[in-house]
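Here is how the chains run, residue by residue.
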Amino acid sequence: MSETKDKAKIKEAVKRHKRETYIPVKPDLQLGFVHNNVDCIGCRACEIACKDKNGLAAGPRFRRVQYIEGGTYPNVFAYKVNMSCNHCEFPACLPTCPTGAIFKRKEDGIVDIDSTLCIGCRRCEAACPFGAPQFDPSDSIVKKCNMCVDEIEAGRKPYCVMACMMRVLDIGPVDEIWNGELETVAIGPNDKISRQVKNMSNIELTKPSIGFVAHSKGKVK
Amino acid sequence: MRLCIRFLFSSLLLTLLVWSSGIFAEGLGPSDYDRSSWHPIHYKPVIDNAIDEQCLSCHRDILDRKVLDQSPAGVKSSEVMAWYQTLTTYEGEQETFHRRHLTTSLAKELMDMKCNTCHQGNDLREEATIPPDHSNRDTTLRKSVNPEICLMCHGANPYKRMGLPKPWVESRDMFQGDCLLCHAHIRTVRHQVNFLKADAIEEAAKKDPDVCYGCHGGRQWYRISYPYPRHAWRGMSNVIPDWAKDRPTESEARFQIKTKQAAK
Amino acid sequence: MSIEKTKDDLYERLNLSRRSFLKTTAAGSAAVAAGGLVALKTAKEAKAFAYEPYPKDDELQTVVTSCAHNCGSRHMLVAHKWKDVIVRLSTDDGRYQRDGHFGKDSNEEPQLRACLRGRSYRQRLYSAERLLYPMMRVGERGEGKFKRISWDQALDFVSKKMVHIKNTYGPTALVDQSYAGASYGVLHKSDQIEGLLGRFLGMFGCRTSSWSVPSYQGTTFSSRMTFGTIEDGNEDDAFAHSKLIIMWGWNPAYTFHGGNTFMYMRMAKQRGCKFVLVDPQYTDSAAAYDAWWIPIRPNTDAAMMAGMAHHIFTNNLHDQSFIDKFCQGMDAGTMPEWAQGKENFKDYILGKYDGEPKTPAWAAKICGVSAEDIIKLADMYAKTKPAALKASWAPGRNAYGEQYNRMAAALQAMTGNIGILGGCAEGVGKAWHAEAVAYPYDQYSNIWFQAIKSDRWAHCVLNYPHVKREEIGLWQREDETDGQIPNIKGIFWQGSDWFNQLTNINKEIAAIKKLELVVCMDSTITPSGLYADILLPIATHFERHDVALPWYKGHYYIHRPKVIEPMGESKTDLQVFTELAYRIGGDVFGQAYNPKANRDYFNINDNVDEAYLREWWETKVIPHQHVDMSWDEFKEHGVYKFTFDQPHVAFRDQIENGTKFLTPSGKIEILATQLAQITDWKKTMYGYEIPYIPKWIEPWESLNSPKTRKHPFHLISPHPRWRTHSIFNNCSWLRETYEQEVTMNASDARKLGIKTGDTVEVWNDRGKCVVPAYVTERCMPGVAVLHEGVWIDLDENGVDRAGNPDMLTLDEPSPAGAFAYNTVLCNIRKTDLEHRPGWDKLATSRAHVFRRDL
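From first to last, the protein sequence lines are chains U, S and Y. Okay, so the first sequence: first residue is 364 according to this note's numbering, each after it adds one. Okay, so the second sequence: first residue is 110 according to this note's numbering, each after it adds one. Okay, so the third sequence: first residue is 70 according to this note's numbering, each after it adds one.
None of these hints come from the bench; they were simulated from the model. Check each hint, because a few of them may be wrong.
To be verified - If you want the ones that stay clear, here's a sample from chain U, every Cβ over 10 Å from chain Y, calculated:
| hint | residue |
| --- | --- |
| 1 | Ala420 |
| 2 | Lys520 |
| 3 | Pro536 |
| 4 | Trp541 |
| 5 | Leu545 |
Claimed, not checked - Below, in silico cross-link-like pairs of lysine-lysine (DSS-like), each with a Cα-Cα straight-line distance of 30 Å or less:
| hint | chain 1 | residue 1 | chain 2 | residue 2 |
| --- | --- | --- | --- | --- |
| 6 | Y | Lys824 | U | Lys580 |
| 7 | S | Lys175 | S | Lys185 |
| 8 | Y | Lys411 | Y | Lys394 |
| 9 | S | Lys175 | Y | Lys910 |
Predicted model only: the values in this text are computed from it and were never measured. Built from N, CA and C at the ideal position, the CB exists for glycine as well.
So that you can see chain U by itself, here it is in the shape it has in the complex (with noise of 0.2 Å):
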């Protein structure tokens, strides 16, 4: 049959470079999330936000809300984790996608996914250490935060920042996020930026590209 042919035509073709490492996409300029963790209401306007945007039934969810409480009553403390892609330096989802369908924008590092291309083989969900992309039952493949890429194109920022009504999410440029330079009300007059939060995947895995303002209870040493 043809189609086994070409199947070695190219297994043939890309035996040279067999055992090579694809080499991670450097961009000009790596686009992050910022997430106030304390100052966060909770409210999941971004989270309905995304899901009118990108036009998702129940189930996948791009953007998600992590409500995190402890202590013992009546001391007891509560903040949120807001996460939706990470757009990671070294994203794991992006090796694992057997057809391309995820890729990492050279000009501003966002990960996107062109889920056109979805087989539904669900490894780029099993792979990335922060549950960012999202099976949809409904199309049988895989969609996942884009940074809403048209509308940063056209100038603008993504729905879900658009949409905190408490202005603690924001983006930039991930290094001004994380030295403290970028002129955002997400982070306080008085707030430290944290790469790592309490019950967060190691970021050593992937290098996400995402600062927090960490709850006190929230730290990590």
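With chain U's structure known, arrange chains S and Y on it following the hints.
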């Protein structure tokens, strides 16, 4: 012989299943959904003793699911191949993540993974709202599996500790792309966990170095390496290097092989 | 732009020709370029932006509009539509206002960003529960069996029935229930006083009004008595100036009503403001503002406040000069001449009259807060200037809830925190005064022939004529009909789901069987609708012309054009009432009801609506509010934001300039003149005595009552974040993120063997409902929290499978009219009874046994 025993064992499990799965009855409605979702089997400690058949009685689709014949834009599954799939060890059609780990021939040959090898309790609140564990220790802000488990196989090679001059990608020609060039002698006690078939892996690796690469390099997901426990191997130096001083010498208890058979 | 949709098939929807129009984008970097990862026979480059709905915002038509459900606020929604379909919604991003630009978000003119409920509007608009055609009941009431009929049949039926009922039973036979509807604007308005329905039934000559407001009657009563107005609120930006904010039963992280209040509070926090939360729950507001949480037993707030007042008085922490200048009846020195022999507040607190000083220790026994904490809070409040004690509505939705609000006003006054920036006199919280009515508000508006406490209609129907006027809170009338018990035979619901929302649903079910006409006008088929005889499909606010305004806080108008044509056979409420008026009373009634229209209005309403709105803008808004924007310019921008020289603070004028308060004495009436002079309480709408100074009164059910032996938990039912009352209950986007569940303390749960996720039943003698449990340390022991508004779903035994707390609430209002929603004892246990989540939860299941498509 071994096959036969396994067959016997799994039919035993199936029999057990009929006994033990009272909640998973026919004609389930929305009301049962909540009750089933919060069934103790989804949480520790019960999940530690859950057998695959119990899990699959509700989640059978995880193994039944096939990839789409073609993507929405018309990319045919049979015509795509990711780079790692060009390895000689990769056979057969495009498969889903779960089937590659559990049911494909290579998976069966080299591994013996169970649902709860990876799934240690999927806290519903993790994807919805609040973890019920108020000590707030054991949850990761992720959907179901702690990626540290994936890291055990799919991490990077710590080339400096391995004594390589450059990352494996750049050093590999020096070693003819063959891990066993060194690892026939160094760290030879490996894969001693209950979800891998250590002997089969060693056998297969001798025939084809792609076998190592298939898990550790080719499908490398993460940029760091797993801090493996130091099982003593023959010829291991008595001097423990600084970086290894905190390392345990045995795997995490739940991965340890109960009978010493396999080590032999 | 070629985005013609041909087939629903997924492959068609996302095929290459569809994608080709994106070639112009700079999405560029393709997977194949990224290191040769994939070998493909037919090279297809991965492209950005691969989801439905496909078009980008800039390829769609943009229409500025707003939310419309009555949460108290109104935020901007921007519809991005393609032809007649709203493809997605965004919100204010600073571009639309005059001199706006993307990202403009100043403290003076902040963006009016919609909350999660507003963002989910597309699901409500296009929901499966959308009512598209007139329907007539064919089964029993509540059975949910209807057949489709024509508008002509429907209106013919309703008009004939109305006339028959009026002629047979008299002018009180129809009761209207239209507060807090899905329908809030200046023109198409569902409101008990200013609304379209009240005016229609009043002109028709058959109306029993429902006078008490479910949300906050205790609070409005208190503000009217104490300050002479319900406009006791500061504007949202004033909160940024407080040094201490005490959130008493207030959870702005859930309610959001009030412009950008929550955002300005964050600003206050950054400026060093301290926060305190007095509430049985550690709410998300407490977490976000890092508040000191004081858990309090529900319905004991007035006692704790009395304890605080005692500490303040006895330690001389009160502001005597403020009291002397502005207050009546705070102490012996501020008693008016006429009130000799009456009690004053300070001496009540000190125990002079009943021998019981209301010390912190006394209060501690009642409210469960330690005396030390009461003292600490009283100290903080009296010594921090300026300090905002925001006494929110929920603790007022209680037996004698008005006493809590009155007591709070006394604390606000004795510490001199009224009328100053950073202080607070709320209460109700209604701030800036908007021009709220664009349709005729004339001599025919709000005519009624009897008015009752809103949650007593069922009691009245079931017991007629053996009902005493005080039992139903009959409003006094000046004519010979005073005191006549209304013979209710029909109900009109306009954009409201009251049957689901009032207290003691089982009693309502019994009562509704006795009615001869039940009309439900709504855009969604609600649980109330299932008990109606006739369902009339009403156009949503996306389908008619109007202007939105916040009635609570926030100072702006948002234009609300007709974004899409009405779906199905929907008509606006104004169209329906106008046509009914013509059918009942010919041209005389028709034209009096809607003077700008003729009978064609039922089919063509655009020009008439435009004329009302233009007139309202040009004759009310521009001259009264000094607006310098023409109607046409307003329509073009879609929003008008007022800016003030300084933040609006209630009663600033009274305190700074000596203007009189709107009370009979012109002072802050701790001793209420009006109440002190009532001799025959039965002849008032209150029915029962209300003390003229704030007092602690033991509620009929609480954790301190012996009834706890049978029902040990105190159930409170606050407003949820993911619904506005019952609106949006059917939106899966919201429901997948929030469970309708009963929240309880971990130690209580342990005793009952309940874990998070267990299905439990919550019950008392009035009713029972089934919900999952949520076990947490964030809830006070002994308290159970079940959010109001979930759509009832009764089994054959009358058990609610959805978890509506109003199965358990009591239809016994507080004397001042406050609904006692939060005065409920109950019991909880694990159950095998069926629970139904009320939305298609199974669609998100990961288990094949539950999924229909696997």
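Against the structure, the hints:
Listed as a non-interface residue, alanine 420 of chain U fails to keep its Cβ farther than 10 Å from every Cβ of chain Y; the least gap is roughly 7 Å. At the 10 Å boundary, the C-beta of lysine 520 of chain U falls inside the reach of chain Y, the nearest C-beta of that chain being 8 Å off. Distance check for proline 536 of chain U against chain Y: the nearest CB is about 16 Å away, which clears 10 Å, and the non-interface claim stands. The non-interface label for tryptophan 541 of chain U is consistent with chain Y: the shortest C-beta to C-beta separation is roughly 21 Å, beyond 10 Å.
The non-interface label for leucine 545 of chain U is consistent with chain Y: the shortest C-beta to C-beta separation is roughly 14 Å, beyond 10 Å. With a C-alpha separation of about 24 Å, the suggested pairing of lysine 824 of chain Y with lysine 580 of chain U holds against the 30 Å cut-off. Restraint check for lysine 175 of chain S and lysine 185 of chain S: satisfied, since their Cα atoms lie roughly 13 Å apart, inside the 30 Å limit. Distance check on the hinted pair: lysine 411 of chain Y and lysine 394 of chain Y sit about 20 Å apart at the alpha-carbon level, within 30 Å; holds.
With a C-alpha separation of about 24 Å, the suggested pairing of lysine 175 of chain S with lysine 910 of chain Y holds against the 30 Å cut-off.
Checked against the numbered hints given earlier, the structure breaks hints 1, 2 and satisfies all the rest.
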